[in-house]
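Enquirer: Sequence:
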Amino acid sequence: MAQGEAAGRGTAQPQDQGWAWMVLLAAVVLQGLTLGFPSCIGVFFKDLQHEFQASNSQTSWFPSIIVAVLHGGGPLCSILVKWFGCRFVVMLGGLLSGLGMVSSSFCRSISQLYLTAGLITGLGSCFSFQAGVTVLGCYFVRWRTLANAVASTGVSLGFTLWPLLSQYLLDKMGWRNTFLIFGGILLNCCVCGAIMRPIQPASGSLLESAKPKEEPGSGAEEAQLSNGASPHHSTLQKHTRRTKCFQMLQKYLAFDIFCQNKGYQIYTIGVAWTMMGFALPHVYLVPYAIHNGVEEGKAALLISIIGLINIFIRPFTGLLSGHRVFTGRRIYLYSLAALLCGLSNFICIISAEFSVLILYCVILSIAMSGVGALTFQVLMDVVEMDRFSSALGLFTILESITLLIGPPLTGFLVDITSDFHYVFYNSSFFLISAALFMGLSFCALEKKNKLKEASKACLDNPSIYQYSETSTEPKTESQSPPAVQYVTSI
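Be aware that the sequence shown starts at 2, since it is given in the working numbering, and climbs by one per residue.
Wrong hints could be hidden among the right ones.
[Unchecked claim] SDA-like mimics (lysine to any residue), calculated; alpha carbons at most 20 angstroms apart, straight line:
{"no.": "1", "residue 1": "Lys47", "residue 2": "Lys83"}
{"no.": "2", "residue 1": "Lys47", "residue 2": "Gln113"}
{"no.": "3", "residue 1": "Lys83", "residue 2": "Met174"}
[Claimed, not checked] Simulated restraints, written as ranges between beta carbons of each label pair:
{"no.": "4", "residue 1": "His51", "residue 2": "Ala150", "range": "35 to 43 angstroms"}
{"no.": "5", "residue 1": "Gly19", "residue 2": "Ile80", "range": "28 to 36 angstroms"}
{"no.": "6", "residue 1": "Ile359", "residue 2": "Leu414", "range": "21 to 29 angstroms"}
{"no.": "7", "residue 1": "Leu360", "residue 2": "Thr418", "range": "21 to 29 angstroms"}
Calculated directly from the structure, the hints in this document are not laboratory data.
For glycine and all other residues, C-beta sits at the position ideal for the given N, C-alpha and C.
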């Protein structure tokens, strides 16, 4: 456990001031580099298809793997942060991201690209982003909510700048040299990590609580096993291993919450289903526009428009959802945003003219801002904060699975029909059905809970199936959130 303790030690520094704001600036850049990067992959779609003679389905596995690993690697990142500290993990992620993109510039097949730019770069981005979010929670206590809101603007900046830079470099030097340059750009995550120097945690703060705690009785049991005092040494050893394995799963993958909490169950299934269609426009919008005669430069601009509008709309959506009027009702706002995303896709089906596609991007970006800003706010509403990290582990893994399989399945449908309209048909189906499922299910659950409360008014303990509101106000040092939180952003 020495590594985790060493990583947590550092010079005592004041929180919410001084160097904390430099860390916040590094977090903005970090989120732009990591979460913003997948937005530019659609720019290379046609070139990769031509280079490797690949189908739409085969090519779409590349961005799908990046996004899936970026979202699903949270539990592994959390374990590494526990042992080595945030700064090391951020810099390790930057090294992996750069290495993955440099290696991808030498790939000779699409399957090699899955491993280099997909798995290695995706995992590196996951480490850098999620460890960066964790260290941000250590530097900010009073202004933690504001710090996270400001840091999330980096995502929108990345969405705006990455596609424009990608198209410029692609036109000048081809995709291989562009990927080589991207490797160097992503190495700047290491610079951001270097800025995030360890901080001496105050009592009850995030890093202090992140130190591994020994289970009661585990030391005595291990001593007994090592001394051979038990006649059933092998049996007890296996039992201990199973117990530790179960505790690890319980900590990072909250199956018990999924089985017992109906609100969490409905929301997790609904968001996983939403992600089947949510990522499709990001992958196929640029190829769709080029296929219908839009210039490549203008096609790349469409993704940048989405990112630019997100810069202004996402913080506004976050502030609006925090108003007391929406207390306990954020799930309905999320469902409405997902519904608007689904309905906006019909604009592309009507026409593929550039002016119409701009209108589509404006409406889609507004709806996307709602989905992105509310995803984890709603999760905090349906799950107690002391189990939030555990609930988030299972949530992100299920989300990453659907993010992985959604684009390739749609690409296969486009291959056999030669019609790009099926991209938007599919996206609309998944988004609209998920929005209706979540909205109607929570409405029914709320009515059921009200009936239970009326019939059991004399009981003090609420139902375990209750969809309850948990305060999201910034906590004091003595009320800091769970040990290690890995948070993804959409």
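Enquirer: When you check the alpha-carbon spacing of lysine 47 and lysine 83, does it fall within 20 angstroms?
Expert: Outside the cut-off at roughly 41 angstroms; violated.
Enquirer: Given the range 21 to 29 angstroms, decide if the beta-carbon distance of leucine 360 to threonine 418 lies inside it.
Expert: holds (26 angstroms)
Enquirer: Is it true that the CA of lysine 47 sits at most 20 angstroms from the CA of glutamine 113?
Expert: Holds, at roughly 17 angstroms.
Enquirer: Between histidine 51 and alanine 150, does the beta-carbon spacing fit 35 to 43 angstroms?
Expert: Cβ of histidine 51 to Cβ of alanine 150: about 41 angstroms, so the range 35 to 43 angstroms holds.
Enquirer: Has the hinted range 28 to 36 angstroms been met by the Cβ atoms of glycine 19 and isoleucine 80?
Expert: Since glycine 19 and isoleucine 80 have Cβ atoms about 30 angstroms apart, the given range 28 to 36 angstroms holds.
Enquirer: Please check whether isoleucine 359 and leucine 414 have a Cβ separation lying inside 21 to 29 angstroms.
Expert: holds (26 angstroms)
Enquirer: When you check the alpha-carbon spacing of lysine 83 and methionine 174, does it fall within 20 angstroms?
Expert: The hint is violated at about 42 angstroms.
Of the numbered hints given earlier, the model fails hints 1 and 3; all others are met.
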